[in-house]
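A.B. asks: Sequence:
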Amino acid sequence: MIPMARIGRAGRRPIGSGAFVTSASETVGGTSITHSGMSIGDANSTRLVVVGIVGTNGTSSSPSLTSATIGGVSATITKQYTGGSSGDYTLSAIFIAAVPTGTTADIVMNFSQALDNSHIAIFRLVNVPSSTAYATAQATRGSSPRSTTINIPDKGLLIVTGFGSNTNNVTWSGVTEAYDETYAGVVKGSGGINYNMTSETGRTITMTQTSATAAQFVAASWGG
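Counting in the numbering used here, the sequence shown runs from 1 upward without gaps.
It is worth saying that the hints were derived from the structure and are not from the lab. Just so it is clear, the structure is predicted and the values come from calculations on it, not from any experiment. All C-beta atoms, glycine included, are put in the ideal place defined by N, C-alpha and C. Treat the hints loosely; a few may be bogus.
As the list claims (entries may be wrong) - Just the calculated beta-carbon pair ranges, DEER-fashion: (1) S60 <-> S199: 39 to 49 Å; (2) I77 <-> D42: 22 to 32 Å; (3) T140 <-> S112: 15 to 25 Å; (4) G58 <-> S143: 33 to 43 Å.
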């Protein structure tokens, strides 16, 4: 007779994990923005690359992310939200693609309306069973603090990317901060990641930035 413990280990898939890799910003803007030769971490046959972007737009039309590629691979737009009003819009989005080879990649993003500036953050996931998000959420634009809730699967991963309307430090609860960076000289891109989480319904995530009047963020979870 084969011991039950041995049977249990036999087909066990490694627990999914994730990490923040790097970030970048730009102030030229446009309807198409490319960040060339960005680090995406070590190659892995199961690697998923996640990019979080925030940006601003000062026109009369609300911008949206229409498509993106990572290393030439078409990405899935997991979640996006645009807050604000005519002449003062802010966009937050998360997109993902399976990119098993290489250690660098061009990140190309296309928008319905030109952004004035933007900030991206890159994450590397491995051994995650699907690129399809388990759940997504948004914290709508407004004065700090901003909060939302999201469902987390067992052994799940969580990624959050947010926009802060001044240069004060952003603090997070409900997710471990991975980056908090001033860009364009006057605003913040900030976010975080957790993995190997326990199952939870309605996990609260809160973003706090002193004196911010236009903070917002998006979040996504994946099965681990």
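A.B. asks: Against this structure, judge whether each hint is valid.
C.D. replies: Quick rundown of the hints versus the structure:
1. S60 <-> S199: 39 to 49 Å: For S199 against S60, whose Cβ atoms are near 44 Å apart, the range 39 to 49 Å holds.
2. I77 <-> D42: 22 to 32 Å: Holds - the Cβ-Cβ distance for I77 and D42, about 25 Å, lies within 22 to 32 Å.
3. T140 <-> S112: 15 to 25 Å: holds (19 Å)
4. G58 <-> S143: 33 to 43 Å: violated (20 Å)
The structure does not agree with numbered hint 4 stated previously, though it agrees with all others.
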